[in-house]
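> The hints should help you fit chain P onto chain E, whose structure is shown.
Protein chains: 2
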Amino acid sequence: MKATPINSLSKLCIHTITHKPWSLREVADNFARVGVSGVTVWRDDLAGTNPVEAGKLLRSRGLEIVSYCRGGFFPAKDASDRKSAIYDNERTIDEAAALGAPLVVLVCGAVPGQSLAQSRRQIVDGINAVLPRAKEKGVKLAIEPLHPMYADDRSAVNDLKTANDLCEEINSDYVGVAVDVYHLWWDPRLEVEIRRCGRMKKIFAFHICDWKTPTEHLLLDRGLMGEGCIPIREIRSWVEESGFHGYNEVEIFSEKHWAGDQRDFLDQIVHAYREHS
Amino acid sequence: MKATPINSLSKLCIHTITHKPWSLREVADNFARVGVSGVTVWRDDLAGTNPVEAGKLLRSRGLEIVSYCRGGFFPAKDASDRKSAIYDNERTIDEAAALGAPLVVLVCGAVPGQSLAQSRRQIVDGINAVLPRAKEKGVKLAIEPLHPMYADDRSAVNDLKTANDLCEEINSDYVGVAVDVYHLWWDPRLEVEIRRCGRMKKIFAFHICDWKTPTEHLLLDRGLMGEGCIPIREIRSWVEESGFHGYNEVEIFSEKHWAGDQRDFLDQIVHAYREHS
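Residue numbers (my numbering), protein chains in the order written: chain E, 26 to 302; chain P, 26 to 302.
Isolated chain E, as found in the complex:
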């Protein structure tokens, strides 16, 4: 089965960071105007706003709050720093609950010079430490495997197999995976591991964007769907065949797109979503 083209916006979710120049109110008004259905809220974009009020604002425009980005960054060389990370993740879970987001996405963390295996141990410990709060608040956690180019200081979880293995080890209904095509598209085992993730009922989120050639910045040069080489529709077909029927979340960090008119960019996203996702 090939995924069919997308004919409605009922599963289109956009991350607030994709329109970084906009305030939360501009996000709410413009997403509603063009028919976007869901929104994932970045913690930075909430700064200074009461999350309860932010949730009300977004829902008042008919938007579903899909997830809250992001928690994580559990590893640290110093035990007091790991404790501080746990405190911060509990606060993030509280904010997600106040906002009305059912999911927190985890960028798990890594420490330059500490072995990745050691960082993964600390990630498991950190997730286990915050699990009681997640259950109490009814907020799930998604481990997001990050591209290997972020293995130095952002995440020691760099492919889907590793994320699946960690889910298996933690073994909680509250912990699953965020599958992001940008991070995972290159992996020869991607289809196999997506199907495994689906069998485990661990696909909690699906993120899309594109990989440009050339990519001029490791972090801030992601492409709009269709601008790059990722077989997004094929990967979506694997995810859907594996039982995931949630949102397709557009998450684009791009200084180029941020520098342009955001209403034009939103129109481009909606077009690209139908044509290239």
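Hints listed in this document are in silico derivations from the structure and should not be mistaken for laboratory results.
Everything hinted at is true.
Note that identical chains are pooled: a pair holds if it fits in a single copy or bridges any two copies.
Below, simulated EDC-like cross-link-like pairs (lysine to aspartate or glutamate); rule was C-alpha separation at most 20 Å, straight line:
1) K186 to E216
2) K281 to E241
3) K237 to D178
4) K102 to E252
5) K162 to E89
6) K81 to E51
7) K226 to E265
Structure of chain P alone, referenced to chain E:
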């Protein structure tokens, strides 16, 4: 077993591109002056020089020619372009033989928008097509798995498992692998696949440098050993335990280091080689 610190320069090889500002004669004179033992010659650095003469020059300074970089780039959408790549690789093998290099390193290639699986098929076809020339000239070929951030247009071989699988499929004494810490350090299966590569007698080369935090350019911001987070000595221990006793090849593309005084940089390399490799 942990790899022991390095106490001599008898296995130190440096790639000519590491000192891009230098002519081949400056490379030869300066490497000899500080006691470097081997050199890997980049094709660009040979431009305009007769490879037989270049080989004589380098050997006259006591340098062993370790390999010739680089062949590859086999995949292409158009059949005539793939044929052209085969012709070019045969010429590269001829040049390596004329130079006196026993090995050509392959950056295998990829085509944005073509599936990586399809590119890997074309890579196998390309290597098989040039194998007769490699045998005729007595020049071996090393598949170099490249970091996943180069999967768009540089290589569809992005981890050691994939390179090992391709070697197994091609099944020729003339085809093995170049293990480069920069491309592979993040992989949770690296130790297992290095040992497998060793059992197959396929470790043909070992390249070192470091991964800096932050890395500011996808291609031209590699670090000197010790400037980053790669566990170089640990990876070297796995390679040596797997039966590899060839050169440790320093391959650093860095606009920052190229902008500095090259004699100072060479001194830093020799120091970092003893301290951090």
